[in-house]
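Enquirer: Chains as they are written, first to last, in this note's numbering: chain A, 1 to 293; chain B, 1 to 373.
Don't read these hints as lab results, they were simulated from the structure.
Honestly, I wouldn't trust all of these hints.
Distance condition first, Cα-Cα at most 16 Å in a straight line; then the derived EDC-like pairs of lysine to aspartate or glutamate [unchecked claim]: (1) Lys314(B) / Glu275(A); (2) Lys272(A) / Glu290(A); (3) Lys191(B) / Glu275(A).
Covered stretches of chain A (in silico footprint by chain B; criterion: 3 or more residues with CB under 8 Å from a CB of chain B, positions within the stretch not fixed) [claimed, not checked]: (4) 68-82; (5) 94-101.
Listing some non-contacts, in silico: residues in chain B with all C-beta distances to chain A over 12 Å [said to hold, decoys possible]: (6) Gly165; (7) Glu252; (8) His363.
Being a predicted model, the structure only gives us computed values, none of them experimental.
Just so you know, even glycine gets a beta-carbon here, dropped at the ideal spot from N, CA and C.
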Amino acid sequence: MAVRSNIVGIDSPEALEKALRAAYYLADEGLATAAYLGLALGKPLLLEGAPGVGKTEAAKAIAAVLGRRLIRLQCYEGIDASAALYEWNYPRQMLAIRQAGDESVDIYGETFLIERPMLATLRAPDSTVLLIDEIDRADQEFEAFLLEFLSDFQISIPERGTVRASERPVVVLTSNRTRDLHEALRRRCVYHWIDYPSAEREARIVMMRASSVAEGTARAVVAAVEKLRREPLSKAPGIAEAVDWAEAATLLHKGGARWPDAFRRSIGVALKDEEDLHFISPRLDALLAEASA
Amino acid sequence: MSAEPELPRAARVFISFVGLLRTNGFAVAPEQTTSFLAAIQLLGPRSLEDIRQAALATLAPPPERRATFDRLFDLHFRGNEAIERVDDGEDDETVRLQEEARGNDEPLLSDEANESGLAAARAETLVERRFAQLSTTDALRRLSREAPRRLPKRRGHRRMRARSGPYADLRRTLRDSVRSDGEILRLGRLKRRQRPRKMLLLIDVSGSMKTRTEENMKFAHTLVQAAPSVEVFTFGTRLTRITRPLRLKRREQALRAAAHAVSDWDGGTLIGDALQAFLAVPRFGGYARGAAVIIVSDGLERGEPDALRDAVAKLSRRAWRVSWLTPLAAGPDFRPQTEALVAIERFVDDLVDGGSSASIVAHVLALGQRRVA
Chain A
1 MAVRSNIVGI DSPEALEKAL RAAYYLADEG LATAAYLGLA LGKPLLLEGA
51 PGVGKTEAAK AIAAVLGRRL IRLQCYEGID ASAALYEWNY PRQMLAIRQA
101 GDESVDIYGE TFLIERPMLA TLRAPDSTVL LIDEIDRADQ EFEAFLLEFL
151 SDFQISIPER GTVRASERPV VVLTSNRTRD LHEALRRRCV YHWIDYPSAE
201 REARIVMMRA SSVAEGTARA VVAAVEKLRR EPLSKAPGIA EAVDWAEAAT
251 LLHKGGARWP DAFRRSIGVA LKDEEDLHFI SPRLDALLAE ASA
Chain B
1 MSAEPELPRA ARVFISFVGL LRTNGFAVAP EQTTSFLAAI QLLGPRSLED
51 IRQAALATLA PPPERRATFD RLFDLHFRGN EAIERVDDGE DDETVRLQEE
101 ARGNDEPLLS DEANESGLAA ARAETLVERR FAQLSTTDAL RRLSREAPRR
151 LPKRRGHRRM RARSGPYADL RRTLRDSVRS DGEILRLGRL KRRQRPRKML
201 LLIDVSGSMK TRTEENMKFA HTLVQAAPSV EVFTFGTRLT RITRPLRLKR
251 REQALRAAAH AVSDWDGGTL IGDALQAFLA VPRFGGYARG AAVIIVSDGL
301 ERGEPDALRD AVAKLSRRAW RVSWLTPLAA GPDFRPQTEA LVAIERFVDD
351 LVDGGSSASI VAHVLALGQR RVA
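Kindly produce the complete structure, drawing on both the sequences and the hints.
Expert: See below:
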């Protein structure tokens with residue numbers, strides 16, 4: 001199978017992993033392989049995982065590696081075609097009809113069309129990456145509508161005809177798995193489940209993302225975050241929270257706070273649920289002492 | 001995209017792996033097989049690990065069955081003899097509370113390939129129950145008849161045409177106005193569409209509920225059939241998701257499948273732990289968000305009332321409305337007596353009679369009349 005032109009210069013998962021690293025994203029072997037296959041086979045990439053494991057970041061990094069603009073379509077319950085595809089500029093159309101008088105006017109011309117993310121991607125497939133974020137939030141009707149888009153990469157606008165992509169665009173979908181996606185959607189994609197990274201990898205991510213953080217701090221934060229993730233919290237800290245926590249604690253430490261205390265005082269950037277804080281507070285000191293050891 | 005039959009002999013081993021996956025209950029579409037072969041061709045393949053990665057990316061096993069998938073992979077490509085039987089497909093829906101309570105490190109979503117049967121080596125008495133031939137009671141018939149109209153609804157974000165409504169339908173108005181040379185004769189209106197609200201049904205199947213269990217399961221089946229988004233779990237000493245078996249249309253068949261999935265019939269009750277386990281799995285906990293939560297239980301708790309209170313408090317913050325239906329509340333002068341019921345009373349919206357199918361159905365059908373969010 002021929003490798004698609006959109007990844008010229010990247011000829012293996014390892015090469016992609018390296019390129020992603022240069023874009024400040026540390027991908028493990030599984031993610032690099034899935035992303036490489038998605039790009040090479042021209043299939044959408046479906047990333048699932050707990051909130052905060054870096055699914056959206058992965059899409060951003062892929063766009064950076066390819067040197068393309070990232071178009072993000074944030075899904076929500078009730079999202080429909082007019083928010084995802086296109087919309088007509090009705091006031092302008094109305095005005096045009098009024099002004100035209102006896103002359104005929106094409107109110108379905110280009111000037112009246114408002115492009116939404118999916119149409120924008122189809123029209124410029126070689127300069128964009130489409131991120132369909134949190135597809136599990138959209139309802140099933142929208143998912144069904146996406147199927148057509150993802151298999152043929154075309155959409156039809158009744159007034160203007162069919163718009164087809166000149167080449168297969170790069171599409172990344174993410175899901176937090178709050179509901180099961182339809183099998184038909186999973187089938188059309190290359191799939192990867194992103195897990196929380198290993199402690200080693202996460203410490204490297206923290207140091208890469210927050211350059212002011214010392215290695216010891218990064219390791220302590222990662223150890224503490226790992227322990228927190230094992231607790232039955234309603235919102236476990238993700239990677240972004242780990243980075244923020246390391247940065248916040250470093251800031252407090254530079255301001256004169258002692259170490260475990262700096263961690264404890266900045267816990268609010270890692271745990272953002274009052275109930276979780278309440279639950280963990282009796283054991284927090286012991287947990288932090290253990291993590292810093 | 002088609003499988004290039006360049007290496008038919010070499011490709012056979014990969015295709016037979018797909019076959020093995022299918023026999024073990026993994027849904028793999030033909031186009032996924034094609035992608036799998038294309039991926040292997042693309043990657044080299046230089047090592048077995050590459051093949052595994054290619055399989056994971058293209059065949060997309062659900063994360064909770066990943067361990068089974070890996071075992072099958074090893075079995076097929078490495079020839080591990082240790083494995084004789086792999087999974088039974090329903091295990092991934094079962095949360096083992098027993099292990100949880102002992103502080104074992106086993107993941108909540110268990111994957112028990114090496115166990116010869118679901119109920120093997122359990123200390124507690126596990127009884128598989130079969131439901132006898134069932135006759136539809138009037139209450140259930142009423143439920144299926146009136147459910148579409150009377151079950152709780154919420155306002156969705158999508159808009160629909162309406163004679164009157166808060167939004168202008170510009171698209172339609174414009175189309176109409178073209179016919180009258182740009183003159184707007186009538187402004188089209190839109191209103192937000194009403195959507196059925198999610199429902200979450202948690203049924204106590206412990207010993208103290210024994211006399212009600214069969215009726216409750218019939219009720220659950222009717223509700224799943226009548227309403228579009230219902231999730232059903234049973235709990236006693238464990239928590240089991242039985243939505244999937246209940247989706248079977250024929251009742252006897254559905255209840256038999258559900259009975260097979262549940263392994264803690266008529267056992268003890270650890271309601272608090274069961275609910276905590278439910279909330280600890282994000283996918284399950286998500287079912288409660290904005291939902292009408294209905295708990296059918298007598299609330300005779302063997303475990304800590306604190307665990308129960310915390311779990312119900314958490315549920316009530318997530319849910320649209322929490323109803324606790326207990327057979328103990330049959331009389332009009334009912335006051336909660338047990339420690340557990342007293343503990344949760346202030347967190348539930350309704351604490352009402354759940355002693356007969358008629359009263360349960362009446363309550364559920366009345367839910368939609370309460371308030372529209």
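Enquirer: Hint by hint, note whether the structure agrees.
Expert: We went through each hint and held it up to the structure:
1. Lys314(B) / Glu275(A): Holds, at roughly 9 Å.
2. Lys272(A) / Glu290(A): violated (22 Å)
3. Lys191(B) / Glu275(A): Not OK: Lys191(B) and Glu275(A) at ~38 Å, beyond 16 Å, violated.
4. 68-82: holds (count 5)
5. 94-101: n = 4 at 8 Å, threshold three: holds.
6. Gly165: Check passes; 16 Å lies beyond 12 Å.
7. Glu252: holds (26 Å)
8. His363: holds (27 Å)
This entry does not satisfy hints 2 and 3, going by the numbered hints stated previously.
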